[in-house]
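Top to bottom, those sequences are chains F and C.
Each residue of the first sequence is one higher than the one before, counting from 1 in this note's numbering.
Each residue of the second sequence is one higher than the one before, counting from 1 in this note's numbering.
If you are wondering where the hints come from, they were derived from the structure by calculation, not from laboratory data.
By construction, the Cβ of each residue, glycine as well, lies at the ideal position given by its N, Cα and C atoms.
Treat the hints with care, as some may be off.
[To be verified] Cβ-to-Cβ under 8 angstroms is the rule here; a few derived chain C residues that face chain F: (1) Ser92; (2) Asp125; (3) Gln126; (4) Ala128; (5) Glu131; (6) Met132; (7) Ala134; (8) Val135; (9) Leu155; (10) Ala159; (11) Glu227.
Take a look at the letters that make up each chain.
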Amino acid sequence: MTDPRAPTPNSTDAIVQVRGVRTVLGGKPIFDNIDMDIPRGRITAIMGPSGTGKTTLLRHITGQLMPDAGEIRVDGQNVPALSRDALFALRERIGYLFQNSALLTDFSVFENVAFPLRQHLQLPEELVRNIVLTKLQAVGLRGAADLMPSELSGGMARRVALARAIIRDPTLILYDEPFVGLDPIALNQVLRLIRTLNETLGITSVLVAHEFAAVARIADLGYRIAGGKVVARGTPAELTRGDAPGTKKFFGGEADGPVPFQYPSRDYAADLGFPATAGAA
Amino acid sequence: MNQIRKPPSMIGDALAQIGACGLFLVQIVAAIPKSLRHVVETIRQIWFVGAMSLVIIMTCGLFVGMVLGLQLYYVLSIFGGTAALGTVVSLSLYRELGPVVAALLFAGRAGTSITAEIGLMRATDQLAAMEMMAVDPIAYVAAPRFLAGLVAMPLLACAFNAMGIFGAHLVGVNWLGLDNGTFWSNMTSGVDVWKDVMNGVWKSIAFGGVVALIAVFQGYTTAPTSEGVAYATTRTVVFSSIVVLALDFVMTAFLM
């Protein structure tokens with residue numbers, strides 16, 4: 001059964017279009033001619049084993065890191081070709097949740113969330129306060145407004161960062177591992193929040209996450225990346241039953257096979273100083 | 001073979017660093033108009049690098065002045081010229097010791113904290129987060145600290161000089177019995193505001209800019225690791241000290 005929310009593969013209303021992107025970092029090829037469309041107003045999940053370049057892709061989309069070749073269009077603008085000012089103007093419409101939260105450590109929770117408002121808009125203090133408290137309420141941390149980042153747990157810091165990412169109601173939000181460190185209650189709230197933002201404000205969301213069960217509850221579309229290429233595309237349900245190489249290994253959590261758990265290395269016995277055994281891998 | 005290759009590589013690396021630092025300065029200067037929107041942040045940084053350095057600068061100024069008073073009184077007494085103590089001490093402080101020693105202390109106290117702070121911001125993605133919020137970290141983080149160095153350094157050098165003269169007066173007049181009127185009148189007649197005092201002020205502005213630039217650059221470009229921040233902090237002190245002393249010679253030659 002096909003999910004009715006799933007965008008068609010040929011959807012032309014893509015807020016992000018990635019075309020022929022090639023990236024090499026530190027001599028290691030990350031992307032090899034990758035193409036991708038992120039449909040507007042939908043929730044798209046990007047999945048794949050660690051080290052396959054999911055975060056790098058988000059950094060390409062936001063212009064934090066430029067690819068070696070290819071085009072990345074966000075709202076029609078080719079990101080690698082943008083000037084610094086144009087890039088900053090584009091980023092004002094993008095929310096980004098960092099993997100490590102990246103809260104400003106000298107500011108309180110309230111000031112962290114208020115930071116983008118204060119920097120870009122001249123709003124009355126009362127309005128700033130109301131907007132910030134509304135966003136903090138949405139992530140369940142209104143009562144923590146006066147705490148400093150050093151007083152927060154990892155999960156709380158993630159939720160504060162989420163409140164900061166959505167403070168200006170962006171058209172596109174990129175979530176880099178948004179579920180790490182969240183307890184089940186917070187996880188449910190964040191899932192609900194991402195879905196609510198998507199449904200009520202039409203915000204496009206891109207999730208980089210490993211928690212497939214959580215992703216499957218909210219994502220309209222998923223991409224699986226492996227070996228520098230997109231190996232599967234479809235709804236979460238289609239991804240799990242797809243016949244792309246490594247699908248069962250990846251979603252079944254099986255080590256080795258087409259999706260290796262071990263980083264390429266020398267013979268284990270030789271590394272430990274034991275005599276090599278016949279037939280050892 | 002490696003020994004033959006290494007020196008050119010070290011020179012190349014050093015030149016690349018100097019070039020990158022120069023380009024960084026251009027970026028900071030270009031961002032100054034934008035950073036004026038963050039005037040509160042600039043004032044906060046002036047307080048942080050200036051007011052917070054005041055105690056160490058004034059304490060060191062006092063002791064340097066006391067040592068100068070003792071040493072120069074001894075030397076001048078050989079020639080029967082102890083009356084010139086105030087003039088010699090103040091000229092030494094205004095023209096050389098004030099700006100140079102205050103800049104070296106400034107590098108150790110404020111420069112290291114600037115580097116460590118920005119380095120940690122780099123390591124914890126705070127600078128990247130600002131970029132993603134469309135806030136230019138050069139304008140918000142680097143330029144205010146650079147401006148703070150330019151403003152705070154001459155004021156700190158003045159405080160250093162004042163305490164130095166007070167220390168020399170304490171030793172020369174109060175302890176060694178030099179006439180108070182002689183001390184002050186010889187000083188005021190022997191020191192020229194434009195030639196001597198301003199000489200030191202120009203130097204301290206230049207030293208403040210150089211130390212702040214090196215500190216901000218090292219923090220901004222540090223490797224995002226604890227070891228990287230440690231190395232960057234050390235480099236700030238080493239490079240600042242060398243550049244301040246070298247620049248002092250160049251400026252002295254031109255301002256004589």
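So, going through the hints one by one against the coordinates:
1. Ser92: Status violated, d = 40 angstroms.
2. Asp125: holds, 4 angstroms
3. Gln126: holds, 6 angstroms
4. Ala128: Because about 6 angstroms separates C:Ala128 from the closest Cβ in chain F, which is inside the 8 angstroms limit, the hint holds.
5. Glu131: holds, 7 angstroms
6. Met132: With a minimum Cβ separation of about 4 angstroms from chain F (threshold 8 angstroms), the hint on C:Met132 holds.
7. Ala134: holds, 4 angstroms
8. Val135: Holds. Min distance 5 angstroms.
9. Leu155: violated, 24 angstroms
10. Ala159: Nearest chain F Cβ about 27 angstroms off; hint violated.
11. Glu227: Since chain F brings no Cβ nearer than about 18 angstroms to C:Glu227, farther than 8 angstroms, the hint is violated.
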